[in-house]
Every structure is written in C-alpha cells, then in structure tokens.
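Enquirer: Spelled out from the first residue to the last, the chains are:
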Amino acid sequence: LGRIMRPDDANIAGNVHGGTILKMIEEAGAIISTRHCNSQAGEPCVAALARVERTDFLSPMCIGEVANVSAEITYTSRHSVEVQVNVMSENILTGAKKVTNKATLWYVPLSLKNVNKVLEVPPIQYARKEQEDEGKKRYEEQKLDRLETKQRNGDVIFPVINPEPHTVGYSQSSLIHLVGPSDCTLLGFVHGGVTMKLMDEVAGIVAARHCKTNIVTASVDAINFHEKIKKGSVITVSGRMTFTSNKSMEIEVFVDADPFVDESRGRYRAVSAFFTYVSLSKEGKPLPVPQLLTETEDEKRRFEEGKGRYLQTKAKRQAQMQQAAQH
Amino acid sequence: LGRIMRPDDANIAGNVHGGTILKMIEEAGAIISTRHCNSQAGEPCVAALARVERTDFLSPMCIGEVANVSAEITYTSRHSVEVQVNVMSENILTGAKKVTNKATLWYVPLSLKNVNKVLEVPPIQYARKEQEDEGKKRYEEQKLDRLETKQRNGDVIFPVINPEPHTVGYSQSSLIHLVGPSDCTLLGFVHGGVTMKLMDEVAGIVAARHCKTNIVTASVDAINFHEKIKKGSVITVSGRMTFTSNKSMEIEVFVDADPFVDESRGRYRAVSAFFTYVSLSKEGKPLPVPQLLTETEDEKRRFEEGKGRYLQTKAKRQAQMQQAAQH
Amino acid sequence: LGRIMRPDDANIAGNVHGGTILKMIEEAGAIISTRHCNSQAGEPCVAALARVERTDFLSPMCIGEVANVSAEITYTSRHSVEVQVNVMSENILTGAKKVTNKATLWYVPLSLKNVNKVLEVPPIQYARKEQEDEGKKRYEEQKLDRLETKQRNGDVIFPVINPEPHTVGYSQSSLIHLVGPSDCTLLGFVHGGVTMKLMDEVAGIVAARHCKTNIVTASVDAINFHEKIKKGSVITVSGRMTFTSNKSMEIEVFVDADPFVDESRGRYRAVSAFFTYVSLSKEGKPLPVPQLLTETEDEKRRFEEGKGRYLQTKAKRQAQMQQAAQH
Chain B
1 LGRIMRPDDA NIAGNVHGGT ILKMIEEAGA IISTRHCNSQ AGEPCVAALA RVERTDFLSP
61 MCIGEVANVS AEITYTSRHS VEVQVNVMSE NILTGAKKVT NKATLWYVPL SLKNVNKVLE
121 VPPIQYARKE QEDEGKKRYE EQKLDRLETK QRNGDVIFPV INPEPHTVGY SQSSLIHLVG
181 PSDCTLLGFV HGGVTMKLMD EVAGIVAARH CKTNIVTASV DAINFHEKIK KGSVITVSGR
241 MTFTSNKSME IEVFVDADPF VDESRGRYRA VSAFFTYVSL SKEGKPLPVP QLLTETEDEK
301 RRFEEGKGRY LQTKAKRQAQ MQQAAQH
Chain A
1 LGRIMRPDDA NIAGNVHGGT ILKMIEEAGA IISTRHCNSQ AGEPCVAALA RVERTDFLSP
61 MCIGEVANVS AEITYTSRHS VEVQVNVMSE NILTGAKKVT NKATLWYVPL SLKNVNKVLE
121 VPPIQYARKE QEDEGKKRYE EQKLDRLETK QRNGDVIFPV INPEPHTVGY SQSSLIHLVG
181 PSDCTLLGFV HGGVTMKLMD EVAGIVAARH CKTNIVTASV DAINFHEKIK KGSVITVSGR
241 MTFTSNKSME IEVFVDADPF VDESRGRYRA VSAFFTYVSL SKEGKPLPVP QLLTETEDEK
301 RRFEEGKGRY LQTKAKRQAQ MQQAAQH
Chain L
1 LGRIMRPDDA NIAGNVHGGT ILKMIEEAGA IISTRHCNSQ AGEPCVAALA RVERTDFLSP
61 MCIGEVANVS AEITYTSRHS VEVQVNVMSE NILTGAKKVT NKATLWYVPL SLKNVNKVLE
121 VPPIQYARKE QEDEGKKRYE EQKLDRLETK QRNGDVIFPV INPEPHTVGY SQSSLIHLVG
181 PSDCTLLGFV HGGVTMKLMD EVAGIVAARH CKTNIVTASV DAINFHEKIK KGSVITVSGR
241 MTFTSNKSME IEVFVDADPF VDESRGRYRA VSAFFTYVSL SKEGKPLPVP QLLTETEDEK
301 RRFEEGKGRY LQTKAKRQAQ MQQAAQH
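Protein chains in written order, with the UniProt record's numbering: chain B, 1 to 327; chain A, 1 to 327; chain L, 1 to 327.
It should be emphasised that the hints constitute simulated quantities derived from the structure, not laboratory data. Keep in mind that a hint or two might mislead.
What the hints assert, rightly or not - Derived DEER-like restraints, expressed as beta-carbon distance ranges:
{"hint": "1", "chain 1": "A", "residue 1": "P122", "chain 2": "B", "residue 2": "S70", "range": "54 to 64 Å"}
{"hint": "2", "chain 1": "L", "residue 1": "E148", "chain 2": "B", "residue 2": "P123", "range": "40 to 50 Å"}
{"hint": "3", "chain 1": "A", "residue 1": "Q318", "chain 2": "B", "residue 2": "S111", "range": "54 to 64 Å"}
{"hint": "4", "chain 1": "A", "residue 1": "K143", "chain 2": "L", "residue 2": "G95", "range": "27 to 37 Å"}
{"hint": "5", "chain 1": "B", "residue 1": "L58", "chain 2": "A", "residue 2": "T313", "range": "55 to 65 Å"}
{"hint": "6", "chain 1": "B", "residue 1": "S111", "chain 2": "A", "residue 2": "E283", "range": "27 to 37 Å"}
{"hint": "7", "chain 1": "B", "residue 1": "N86", "chain 2": "A", "residue 2": "K143", "range": "54 to 64 Å"}
{"hint": "8", "chain 1": "L", "residue 1": "S70", "chain 2": "A", "residue 2": "Y126", "range": "22 to 32 Å"}
{"hint": "9", "chain 1": "A", "residue 1": "Y310", "chain 2": "B", "residue 2": "E164", "range": "40 to 50 Å"}
What the hints assert, rightly or not - Here are some chain L residues pointing at chain B (derived, C-beta under 10 Å):
{"hint": "10", "residue": "H177"}
{"hint": "11", "residue": "G180"}
{"hint": "12", "residue": "D183"}
{"hint": "13", "residue": "E201"}
{"hint": "14", "residue": "G204"}
{"hint": "15", "residue": "I205"}
{"hint": "16", "residue": "D258"}
Stated by the list, open to error - If you want the ones that stay clear, here's a sample from chain B, every Cβ over 10 Å from chain A, calculated:
{"hint": "17", "residue": "L112"}
{"hint": "18", "residue": "L119"}
{"hint": "19", "residue": "D145"}
{"hint": "20", "residue": "L287"}
{"hint": "21", "residue": "L293"}
{"hint": "22", "residue": "E299"}
Even for Gly, the Cβ is constructed at its ideal location relative to N, Cα and C.
With these hints in hand, go ahead and build the complete structure from the sequences.
Expert: Listed below in structure tokens is the structure:
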C-alpha cells in the first residue's frame, strides 16, 4: 500500500498533515478487518472503527514522498479485531526510508443488513500462546479506558469575545462539515479516518493560531468512537488548547454530530481526543512555544490535567528507552 | 467546459450544491478573462475575481447530469472585464437540457510580477454601439454598489448559548478552512470560486438547521471581493439567517481571513454576501419555511432590510415578466 | 471541456500526471458516447469503457495551464462506439497551445436497468464510405487484441525481500484503494478513468524508484477493461518494471478487484497494461535510464518481450515519419 504525498496533503511548509496519515492508517485498518470478518461464510459485514490507541508521529513526511502503509491483524476477541498499522515514508529519489507511525486500531463488524447488529469475528491463529494472552490484556485495558472517556463526554466549548493573545479563547476554533457520500462507508456512516482528519485540521489551526509558526502533529492520545455519524449529518469539530510545555501544545478536540434531517435525535457528542503539536523552525528544529494563559478555574484545572498526561507520557518514554538500552 | 456531476458535488437528496456550480462558473470566467488580458504583448497577468452579480439558480441539477458551462466577454473597461457565464444541465440519458444559471462576473488583471499592480485590459470590439453603452452603464452601477458594501463590512457574528429553535442564534454556523495550494491561483491567492463554494456550504447548513429539510440554493446576491486571501491563511466563514418569507430564507455570509503566519497583518473581512435558499419536498416542490424568530434590535433591523431586498427582487421579477409578455 | 491544472494534478516538478490527463480523456469519452447511445428512443443506458488504444503523451502539461479536451465519435459497431479524444494544453498567459494527446477509446452501452445487458448502438453517418471501412478494420483489430490480453491475465507480483537497486523487485510497488461513490458511474461501477489514474500513479512510483529523478508518462499501451469493478470493492494496483531502453522504462501494471463484502465472488484481475516513462532533467531534457537488472527466467523473458514491443513501436513511428515526409 503506497501513495505519493501531494500538495493538498500538506501544509505550506511541505509537511504532510497528521490527519492525512491518520486517514490512510484507518483506511488500511478498515480494509484488512472488513476482509477478515467476511472471510467465513455468514452475514456480510463492514468493520467500523471503535478505537485508535495513542499514536506518535515519529518523523515528518513531505510532499513528493511515498507513504507505505502496512497492516496486520494482531488479536481478535469475540466481537472485535485489533489491527497494527505501520507507516513508512520513502523518499523515492534518495531511497531513504523512515518509520513515521505505528498505530493500533480496534474494529467491530457491523452487519450490512442491520447496522445495529454486531457480528462475531472469526478467530485468528497465534504463533505463540503468549501473543494471545498479551492481546487479551490489551483488549481488557482498552475496554476499561473506553468506559472512562464515555463519562467525560459532556464538556462544551464556549465562545469568547475579544480574547487576549495566548489565552485559551484566542486560539480556540471550530468547523462544521456536511457529511457527504465519499465520507462514508457502505453502511452510510462516516469513516473513522475522515473524522480524525477533520479533528487534526482543527487542532492544527488552534496550534498555529497560538504560536503563529509552522506546526506539526507530534502525537494523538487514544481516540474512542462511541457513536456513529450518519450520512447527511452536520458535524461540528471544536478544539481548544489545554496545556503547553516548553516545546509542545496539547489541544482537546470534540466532535459533535447533528443528524438534523432525522428528527428522532438531537445533537450528540460522537468523539473527543487530545492532540499534541510541536512548532518547527524553517530548518525543522523544534521551537519554544508561548505559554498558554489560563483565566478561568476550568482552564487552570484542564492545564493541570494536561500537565499530568504530559509527565506520564514523558515518564513512560524514559522507561521504554531505559528498557531498550538494557537489552 | 463540461463535467459529470458526482455524488460529492451534491447533497443526499441528489441536488448539486449551488457552491459547486458557482465554482465552475468562476473557473470558466477566470480562464476566459485571463486569456483575454494576456492576448496583447505586455506584462503577463492573472485575472482575479472582483465581483459576481446577483445570480439565480433557475432549475436544480442532479448527480449523473453533465454541467455545460460557456463563457463570453461582454464588456471591458480600462481595468476590468465583464464575463457572462451560462450553465446548462444536460441529462445525457434523455437528452433533456435546461438552463440552470446565467451569471455575470467582473475580473481585474493583476500583474504576475507584482500582485498589487492592476494592468490595462485590451478593449473588445462591439457588434453594436449600444452594447458598449449598456456595458458602461452596468460597469458604473456595479462600481457604486461595491463602494456601498465596503462600508457595511464591520459586522461580526456573536455566538449564542443555548438558543431556542428558529431563532437566529439557533441556526448560525461557521467553519474554518486552511488555504491549501489547490485552492489558489498562480498568484498564490484563493480562487473566488473556492470562496463562494465555502460560503454556499455554510449558508446551506444554516438553512438546513433552520428548517430541517432538503434545501437548495435559489439565488445569491451580488458578491464583492474586496480583499485577496493568501495561501496559508485560515479563513473563517460564518453565516446567520437574516430573513424568511413564506417559502424562502435569506442567509448573510461573512468571510474573514487570518494570514496568521504573516505577522504584519491581522484578521480582516474579505467577502460578504446574501444567499437565498428554498426548502424542497421529496417530490421537489417548495415547502413552507418556519418563520425566523428575531430577538435583538439588530436582528429585527436586519429582518426588515432582508424583507426590503426580497420585495425589491420580487418587484423586479414581475416587471421583467410583464416586459417579456409585452414583447 | 476544459480545466485549469492545479498543484494536485502534478508532480513536484510541476508536470501534470499522465493519469490526470487519462482521467479527463475518459470522462469526455464517457459523456459523448453515453449521449450518443441514448440519442434514440429505447432503454436508457450508460456507456462503459471497454478499451483505450495505445496513447502517446506528445508534450508535457504544467500547473496553471488549461487542458482543453474535445471528443468525436468516429465509428460505431452494433454494440460499441469508437471515440477519438484530443487534448491540447493552453498557456493562457502566452496563448501558446500544444497537442498533448490523441486517444482512441471504445465504449459499450450497458442498460441502466440491467447492467449485464449490452444494448444496441445507433449507427452514425459517415461522410465517406472509406471512413466506415477503416473504422471496421480498427474494430476488428482491437477485438482480436482484447481476446489475446484476456489470456495473459493470470500473472501475480510476488514481494522480494532486501532487493538490490535496479532489479525488478527493488522498484515494484502496489497500492490499494477503497472504491467510493465519486469513483463510480450511475451504474455503480468504477469509471475507467479513475482506474487509469491509479495505474499511472503506481507506474510513476515504480519508475521514480528505479531512476530516482523526475519522471513523466511517455505512452500507455492499449488497455482492455475485461471486468467491471463494483462500488465498495477494494482494488489493488501493482506495478513492476519489465524493460528499459537507453531513455525509457516500461512498467506493467495489474489491477485486481476484491468485492470483499460480496460473498459470491473472490478477487479477480480487472485490468492490466503497459506504461512507458521517461526521466527528465531539470531543463526538461530526457536523461539516460539505469538498465533494469533481470534475475529470474520470467524477468528475462518479460524483458525480451518488452524489447519486442519497444522495437515494434520504434519501427512503426519511423514508418509514419517517412510516410509523413513523403507527403
């Protein structure tokens, strides 16, 4: 799986949008898991994205490079499929290759005839028993995390009039998008990858408004897709900055869906997630980021929570590096 | 110039978006006027859209139909070109053709070397002297109108928290868009057609939120492009309903540009316009529209102004029909 | 039919992709032949692409130029239509026009009600009897050729681990694409032009990987569309280099379709074709190409076959030039 990165896939500095990469990752995951779930006789189904694990953007990709995406099923539970997707950027002029992403996605097979019916997943064969056990552990962990975020979902972004630079209100942004046919799967629901691309677009604008430089996606926290979004809905994607470290910005993004032609249902929160951005100089070096000015109690609390996530991630990474050094 | 209409060009009822048609119209106008302005030896230039006259959408276009777009230069002043663009929809299965739009656009040639320099336009030949005189009259009229709207441009859309259905705050909407390379002309500024497509997208969402049915663009009032928008800018497109008649809705749309990487300049109003929408039943018949509930003094004033425009247009149309009947 | 070429239509050197041009050619052919086949009362139908004759890319097209596409029906058999499509590039700044392509396409009318039913084509009028006879000869020739390629279709591309530069395995590439609604005709099958664009994308990646320079499409051998591809299918497009001359590369491209939700059918070969690329210097001059290193017996055989095609084309061209010189 490969595709050349085009000008529209990138910002004006030539760096491919994180959202473009997330969309490719999700498409690869959707194909492999739909294929797997239809591999045994039975009701035809389409795999719908339920969750993406935390994803780091390890190195930037540029216009003209080829993105190579490979996907593998690594675990199956009764009703879900875990897919591991790797992305490499390849400069086809020099031959240089770099790993840009390693992502883990969870899919659920929905019946083509009845979209509310979750079908059973054909089990995969494991080379070693430990692989199954580790997969099961990952499955249980993500299940717990999904429940937790579901409870957090009531938050709303309030508009601010005449905000000061570097405050939360100054950079917060939102867009609306009318869900068209090409945004949707065969079931008539929005591809998870389309949603993630819009989320990254909003988060990127928040980050750029805050620091007014060339910014790139550094990582995305785990994203849970609690609710499907139907063709013809209007989706509102809103982002606000929650935390800044010396060289990174954390942006919280909400996706609200309004299936307005369908009167039985009002607007609802479909997805939310945290994106982390860094600011780059013309030479591609990370730049210091202006500190976020928090004003309200809520903003201060969210800043502290963001700091917690930042320190936790930093600690995890250091532990991994030490472990790697020992081996 | 022709193109098959695809699902992505249309809403879920299969009606092609007015914005898609406006974008095709503008591309045809840009080609013919750039070609004309470079037809004599001299500095190379690109024609930039300055204004679109009021445009009616005479009949809906559907997925699978072919849009045939033809353009003709009808007047040249010293520094501007008037282009008449006609759009016909053609059902290639039945052979049925319908006029869907007749639009008049004004372009200004900008030097490729110095984008702030307006070049001279080679004069066209008129078959009859009256054509030149009528063209000059249209030129003077639009010049006046452009000055007037420039003064109206300070208005801002304020957010409303927990609005009631059918109020202005309930349906008002906005989107942000990061200007990419494919949105821009050779000069590195946004194509007028791209801006109009985004404006129609927002206006359509406002209309759909208000009446929760299938809506289509009925007309667009004259649009003036006062300010260019540079590649890499973030544009915010906001819409609010200003007036409803029994069977139509008027939506005011603002486009603000934020060239945030360019520190010398803050956010500015680039374009504003009025779009009129109608609501259609499944059989394509116009439906009654819920009346807009106005709350503030400003909303009431804008409603009355909208009513004025509505009655004026109605009177003009009746006069034209009587005139046509007499001939 | 005309359109301004945008950054996304081109590679990073600014040359418009051959695939973009092939897609425009096919759209023009589909419009004119669908229109013709519905010109008499009878069952409504959509013209489906059956074959494209060998097409040369006579001169490169650049971003900002306008592509003018014109189409004409040149022959009709009982069940097929031959369309001649010409493409000219126009620099609207200088007024310079160049013929970039002359293509011949064959379409077959499929009933809108029953996609497996081929309808009859209304006969066209010929100005001279010889035109009909020459058309009939072309018709018979292409019919034969279609049968031959059908038999060749079993071939598969195997991955190679750690390949050496300039071997076949080193540059071979593949991409997968999930067929969306905007890729499809009214019948719900992929437009031939969409398939050709993907094929050119893969062939271009293979060529760039081999010679690591700016490459452009020089020609495409006759392409036969044996099998339709349904909406919702996954298509895998794979390319491998088969032959290099001093200044050109031949790449074989396969398209396999997997209607994976549709249980009645497995993966199948839908199309295959040969693309020829040349490598260009920064000044647009053809560069020498590294020789392809063949390793296996099959690779050596394919190289010889490619050489045969190359010499045959060269001989034909020389004969045409001599003929032209004599007149």
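Enquirer: Okay, which hints does this one fail, numbers in order?
Expert: Hint check: nothing fails, all pass.
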